[in-house]
Amino acid sequence: MKRVDEIRNLLIVYLDAYKKKYKVKKMGIFGSYSRGEQVKDSDIDILVEFEEPIGLTFVDFAEELEETLQTKVDLVSRKAIKPKLWKYIKKDIIYV
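Plus 594 on top of the position in the sequence shown (first one is 1) and you've got my numbering.
Everything labelled a hint here was simulated from the structure, so no lab data went into it.
A couple of the hints might just be wrong.
What the hints assert, rightly or not - In silico DSSO-like pairs for lysine-lysine, Cα to Cα no more than 27 Å straight-line:
#  : residue 1 : residue 2
1  : K614      : K666
2  : K684      : K596
3  : K684      : K620
4  : K681      : K666
5  : K685      : K666
6  : K676      : K620
7  : K666      : K678
8  : K619      : K684
9  : K676      : K617
10 : K666      : K613
11 : K596      : K613
12 : K619      : K685
13 : K615      : K684
What the hints assert, rightly or not - Cβ pair distances, simulated, as ranges:
#  : residue 1 : residue 2 : range
14 : K678      : V607      : 28 to 38 Å
15 : K614      : L650      : 10 to 20 Å
16 : E646      : M595      : 29 to 39 Å
Note that the Cβ used here is the ideal one computed from N, Cα and C, for glycine as well.
I would like the entire structure built from these sequences, with the hints used as guidance.
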């Protein structure tokens with residue numbers, strides 16, 4: 595099981611490629627990993643903001659993240675988060 599700093603550092607390595615390929619503007623880790631509450635079967639919650647809509651390529655990006663991190667990833671677009679939920683997520687998020 596990876597620690598949040600290991601995940602963040604790995605994502606930093608790939609960030610430029612993600613920006614070019616998927617038009618990533620910003621991304622961060624939230625949820626159990628960002629709070630240090632992850633367990634063996636926890637997925638990694640990743641919030642992403644895009645420069646422009648990427649359509650179905652979103653699924654490809656999620657799969658690529660899972661391959662890179664070797665862990666199940668729950669990829670969430672910033673635009674998909676309702677304001678009530680955002681107030682909790684923004685407290686936990688660790689940006690890459």
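To see whether the hints hold, each was checked on the structure:
no.	hint	verdict
1	K614 <-> K666	holds, 23 Å
2	K684 <-> K596	holds, 22 Å
3	K684 <-> K620	holds, 13 Å
4	K681 <-> K666	holds, 24 Å
5	K685 <-> K666	holds, 23 Å
6	K676 <-> K620	holds, 18 Å
7	K666 <-> K678	holds, 25 Å
8	K619 <-> K684	holds, 16 Å
9	K676 <-> K617	holds, 22 Å
10	K666 <-> K613	holds, 21 Å
11	K596 <-> K613	holds, 24 Å
12	K619 <-> K685	holds, 20 Å
13	K615 <-> K684	holds, 26 Å
14	K678 <-> V607: 28 to 38 Å	holds, 34 Å
15	K614 <-> L650: 10 to 20 Å	holds, 18 Å
16	E646 <-> M595: 29 to 39 Å	holds, 34 Å
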